[in-house]
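*Asks:* The lines below spell out each chain.
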Amino acid sequence: MTRTKHDDDADGVTEVDVLIVGAGFGGIGMGATLARRGRRSFVILERAAEVGGTWWYNTYPGAACDVPSHLYSFSFRLKPDWSRIFATQPEILEYLRETAREEGLLDHISFETEMRQAHWNAAESVWDVDTSAGRYRARTLVSAVGHLSEPRLPSIEGVETFEDTKFHSARWNHDADLEGKQIGIIGSGATAIQVVPELAKVASRLVVFQRSAPYITPRPDRAYTDAEKRMFARLPETMREEREGFFWANEGRYAQRRGTPSLVKAAADVALAHLRRQVDDPEIARKLTPDYTFGCKRVLKSDDYYPTFNRPNVLLETDPIARVTPRGIETASGTEHDLDALVLCTGFEATDLPIAHQIFGVGGVSLSERWSGGMQAYATMAVPEFPNLWIINGPNTGLGHNSAVYVAESQMAYIAEALDYLDESGLDELEVTEAAEETFMQMLEDTARGTVWLDGSCRSWYVDQRNGRLTTLWPDFAHSFRAVNGSFDPRPYQVDQLALP
Amino acid sequence: MDLHPDAVSDVIAGPNGGVRYHDTGRPGDFRSTVLLIHGTGGTTKSHFGTLFPMLAARHRVIGVDLAVPDGGVEVGDLVNDVVAVLEARAAGEPVALVGYSLGAVVAAAVAADHAPLLSSLTLVAGWMRTDSQQRLRNTVWRKLFERDQEALREYMTFTSYGSPFLASRTDAEVRALVDARELAASLPATMDLNRRIDISAEVGRIVTPTLVVGAVDDQMAPIRHSRLLFGAIDDARFAEVATGHAVTVENPAYLFKLVDDFVSAPSAVPPGTVLEPITV
Ligand SMILES: Cc1cc2nc3c(=O)[nH]c(=O)nc-3n(C[C@H](O)[C@H](O)[C@H](O)COP(=O)(O)OP(=O)(O)OC[C@H]3O[C@@H](n4cnc5c(N)ncnc54)[C@H](O)[C@@H]3O)c2cc1C
Chain A
1 MTRTKHDDDA DGVTEVDVLI VGAGFGGIGM GATLARRGRR SFVILERAAE VGGTWWYNTY
61 PGAACDVPSH LYSFSFRLKP DWSRIFATQP EILEYLRETA REEGLLDHIS FETEMRQAHW
121 NAAESVWDVD TSAGRYRART LVSAVGHLSE PRLPSIEGVE TFEDTKFHSA RWNHDADLEG
181 KQIGIIGSGA TAIQVVPELA KVASRLVVFQ RSAPYITPRP DRAYTDAEKR MFARLPETMR
241 EEREGFFWAN EGRYAQRRGT PSLVKAAADV ALAHLRRQVD DPEIARKLTP DYTFGCKRVL
301 KSDDYYPTFN RPNVLLETDP IARVTPRGIE TASGTEHDLD ALVLCTGFEA TDLPIAHQIF
361 GVGGVSLSER WSGGMQAYAT MAVPEFPNLW IINGPNTGLG HNSAVYVAES QMAYIAEALD
421 YLDESGLDEL EVTEAAEETF MQMLEDTARG TVWLDGSCRS WYVDQRNGRL TTLWPDFAHS
481 FRAVNGSFDP RPYQVDQLAL P
Chain B
1 MDLHPDAVSD VIAGPNGGVR YHDTGRPGDF RSTVLLIHGT GGTTKSHFGT LFPMLAARHR
61 VIGVDLAVPD GGVEVGDLVN DVVAVLEARA AGEPVALVGY SLGAVVAAAV AADHAPLLSS
121 LTLVAGWMRT DSQQRLRNTV WRKLFERDQE ALREYMTFTS YGSPFLASRT DAEVRALVDA
181 RELAASLPAT MDLNRRIDIS AEVGRIVTPT LVVGAVDDQM APIRHSRLLF GAIDDARFAE
241 VATGHAVTVE NPAYLFKLVD DFVSAPSAVP PGTVLEPITV
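Heads up: the protein sequence lines correspond to chains A and B, in order.
Numbering-wise, the first sequence is residues 1 to 501 according to the working numbering.
Numbering-wise, the second sequence is residues 1 to 280 according to the working numbering.
Mixed in with the good hints there might be a few duds.
Each computed SDA-like pair below joins lysine to any residue, with the alpha-carbon atoms no more than 25 Å apart [what the hints assert, rightly or not]:
1. B/K45 to A/A271
2. A/K79 to B/V280
3. B/K257 to A/K229
4. B/K257 to A/P282
5. A/K229 to B/P164
6. A/K166 to A/E179
7. B/K257 to A/E179
8. A/K79 to B/A242
9. A/K265 to B/K257
10. B/K45 to A/E179
11. A/K79 to B/T279
12. B/K45 to A/A267
13. A/K265 to B/R181
14. A/K265 to B/T279
15. B/K257 to A/F246
16. B/K257 to A/A266
17. A/K265 to B/V280
18. A/K229 to B/K45
Some chain B residues well away from chain A (every beta-carbon gap over 10 Å; in silico) [to be verified]:
19. G71
20. V73
21. I197
Computed far set for chain B versus chain A, every beta-carbon distance over 12 Å [claimed, not checked]:
22. A56
23. V140
24. K257
Just so you know, these hints were derived from the structure itself, not from any lab.
From the three backbone atoms N, C-alpha and C, an ideal C-beta is built for every residue, glycine too.
Pulled out of the complex, with its shape left as it was, chain B reads as follows (with noise of 0.2 Å):
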């Protein structure tokens, strides 16, 4: 695995199967842990491949790779892949979880239930309960999936980047997005999760300090998600960034630089607060 040159990469037995993780961690490294949860369709690969090593430069940093069955998936099934992984590599030590998109609801999910593992919880574009706008795109997506999955590859591209990202683009930049966009053999079932989500119940029990991240151009889990979990979760903060849904491509400095100073110091931000973007 090429994703950083310490990250060793393995397969624990889960529940309900294997799942794959990458690891900085060697013995001697005391660093604080940092745990990244991608989102749909994704990989710590995919999704992950510049957070990772700019995290990795000053942290322990492990990726797990959610394992979906055809069959279909639930979220207590990837909190507790989530959940074997924190047991079997960070046993005893508190870590940093950040998780995107679904990986988000599946972080928060975590948090609500597993408060002990978790040093604090950052929850990047996530949401807690799907609404209707995102069950249109759902129904759109499942169409497209089953009728032309080229348009699907467009289509997954239109929504998953900022309209700001994608017009500063070439044309031809925008079709190598396009070419390079792989549909997961999860994808289905993952899309099936994404309709029904609500851990509006879970979200109440969090007491980790958490960081809530909102990408102001998402059209995927669009920001008023985000400013939910803020108003949902007791010890939060706010923080906005200038992107689209994909934040992990489009500015993936920046989201660092949050992760960064938030899961060095969890709590010297006083819950509530709205951070400051920064400006340059």
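Okay, chain A solo, but in the shape it has when bound (with noise of 0.2 Å):
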């Protein structure tokens, strides 16, 4: 990569004005916000070979979005030829490099450089940040790291002892031979209702251990025809309305997760009957249903996951695990199934961020001891003791029924407001207040009250198990995330020193 555009004095520290750590939709947008905004001073951080983020990282059998791609994509690149309502992961990341490539980023990516260390540095007013490949020092840093990017490996007796093929699905093993195999498969989340389907038609015997089975709704897929591609190319604004369409009625589906219960009800009926017309066996219908209240969990979406159990190569095992042996796993009530694969797809750590414990901000504080109890920000983006430090996709991002994307967009706008506003008013830094933040806070716990994330039916990444609080999603609809954190305002920041317009 080239550095020229970056000032590399004699220590070798590069001197940047924003440094992003995070090459997937959420560096990855930021980049280009900027760009487009004429900023050229800023440099991405990935750790990995590839930009990507998670669709670089997910490329086990059968992973697809499950938001409609003509949605689930920046709002500045349409792409009028996506293959199908939802995409598949090749597709998605071929989308995102070329993003990175046309939007002129790739001159501001240093890839395989993991951010380790970042120290807020008061005299000055910067970030002093340590990488595997140098030393940084910015005015502003923005973490894009994602909030389902790192593995989660179940605490499960005996898994390091397995002795054959294992590993996670986010870290599949491509050289792995599963053709005729016995398999495997730990979870029944988003992604395993992916990869159960494509596993069954290798493996000579699949079996899912499942913990608690979740609400699956149809899931209209399929490819557009030429056709359609190319009307989406002459007249865009019917691209458009492809794109409102979903966003508007996934919207209106959110209305079901407010606790209404005749609402509540027909949604969790649509599962129910899509469950009923799938599965043959009753004895397995009844153990694929949901004991807990619709909208709780994730609601996911599949309409070749359930037939998959009518196999008779397929096991849907629902006896908790009691140990992992090196042949195999063995159940509470003391049944053993010999493996020769097992595939982990228990998902990621959603709620304790590996990114806290490597940023450190006035004092020398974690942002991990800081979010001890939780963690939380004003606006989703900001935290006191942590100036000039924006977080994308971090605490109440989640939404559960939008698109990830245009969450991530919101907070692009807002950041790129404040470091306009930085320039403008010459302040050297913007610290949000604590009052901003409790008032967000608050803000937030009473919308969410009455809801069906808090009603205790299920337990849930979506809460914190440290705090009893929803930590990881807005409890809202996604127009309003974008109306309350998708400008910015610089008033309830430390900027009393300055006369305000």
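Two chains, two frames, some hints: make the complex.
*Replies:* So this is what it looks like as structure tokens:
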């Protein structure tokens, strides 16, 4: 990569205005937003060898988005030729590569560079950042490391003793030969429902270890025709209508999550009818029936997960796992499953973000110490004692019903405006007040009251088990996320030394 | 009533008989009040089943079920019903009145003569004076009602939803929409009223801050009527939604956003403004 645009001083410290960590949807989008606004002094650190984040790591068979692609994409880079309603991983990754290239970001990205530590330097109002490829000094630090990027491994007795092939779904071992093997899958969440139908085609025997059955609704996927793709290209307003139709339909579905019994029941009935229609054996259907309120955990979409359980080579195991042995899995009631391969679809660390242990604010306090009672941020982005730090896709940004890219773009607009304000005001730093953060969190708590997530019927990653608060989810419409967090206002920041406009 | 966990339903005596309402209000709830008036052949539940709970997360919401006696009804009767609910449930506290379809006609007529009861007025897919295109549809409706009610349910489904909405559904889903349609006993009398609507004189008297919402693919109260209402009401703003007449079912979230933004600050946008479409 070229570093010519940035100042490399004698100590080998690269000085840059904005340092972005992560090159997934969040970091690429932030970079493109800055570039489009004429900012040149920014660097994106990415520990992987490629852009893509989620879509670079998750290469498991069947990986695809479950928000339609025309919506799960940047508003400033609509793509007329998405091949399907729900694109698969290779196409999404290619979209992000193309975005990075065409937005001119490749010169700004330092690949295979891991951010190790970032310290706020109060004397000079800058972030001193230590990476695996040298040191940086930046006025502004943007964390775009995602909230679903650290694989979570199950704490099951003996899991390290398994002798054969074993891997997490987000670190798929493509060298492993799974053809004709006895495969065990731990998990039944968003990833598992995409993996299971694919592995069932190759395994001699597939055992799915399910702790809690998800609600699954139909997935109206299909390929776009050539006529449609060219119509979208020639008449871009038709592509916008397609995108907006998906967005508002998802927003309409959000009302089902607010705890209005008639709407919750209608939505649950759709999922349960889907289950009954697709599964032959009533006993298996019973095991696949969720035991908690609809919407409390992420509602999934699939047309091929349920029918997989009609196959003779697939077994649904709901007896809890007692331990993993060198040869397989033993359940609580003593059944032993011999396995040649174990695939962990056990999700991600969503509530304790590793990056929080690496960022140190005013007085050397780490973000993880500040967040020991659960993560929180003003406007989902700014943290007291961490000036000039902005977090994309951090606390309270998960939607559960609509596109994460829409949320991230709202944040990017906010951050870009904050940077403009910093330039225009002549201030060195922007630090949000404790009072503003508290008021914001109170507002979120009021909004979340009465929603299904807090009714206690399920244990989900939406809720931080340490404090019972909703720390990952935005408990409202997506459009309200943008209305509340989409444009910068200096008043909640410690800017009283300046006359406000 | 399973509209919303907080909604209490009851009947009050109106000038022409009992009027049913649904109210989320409870002591100590000081949030602003939104009152919803449904359209032809509907109820609070059937027209606002999704909008009602969306609004109830931020406002006190009251829904009125219009009473239409078999013997026929005039706009003035429906106005009296709404005013009776307003006086019984929200006396001394101006409410945001939201009317949909025939409910918009009623809401406009309420606003013309009872301005002090209102803080704002939202007219969704409404109209002012029935024109010949609408009367032709009304005539076909009447003939089908008398001769073939199965065909009538299909025809009503065809005319209520926007063509893009129907086209993006499977045949089975469209069938389900037809089968779910119930022909309310009040329909013939209401359709008779629909033939004869003319509230042009009343509309000229409206002084309440107003939002007019027109639906682009509306075949029942085509958008020209909403444009005309926007022209007729002094203190009005205008917004479009990309749906058919059944906007409350086709895109309740978009309508919610329009209504919520407007009733929260009715005069924030100056009169005469055409609201920008909400992009995503
Ligand atoms: C299988 C799967 C399917 C999904 N489908 C959808 C969907 O359909 N719709 C939807 O809205 N959302 C979906 N999501 C959520 C998805 O995570 C987000 O939509 C989005 O991709 C997050 O982007 P991001 O840039 O914030 O994070 P990520 O994509 O996770 O990118 C973060 C990047 O930061 C890098 N990084 C982390 N730490 C460091 C460090 N210390 N130094 C340097 N680099 C670092 C990582 O290597 C990674 O590349 C899905 C998630 C998964 C896992």
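*Asks:* Could you work out which earlier hints the structure fails to respect and list their numbers in ascending sequence?
*Replies:* 3, 4, 7, 10, 14, 17, 18, 22, 24
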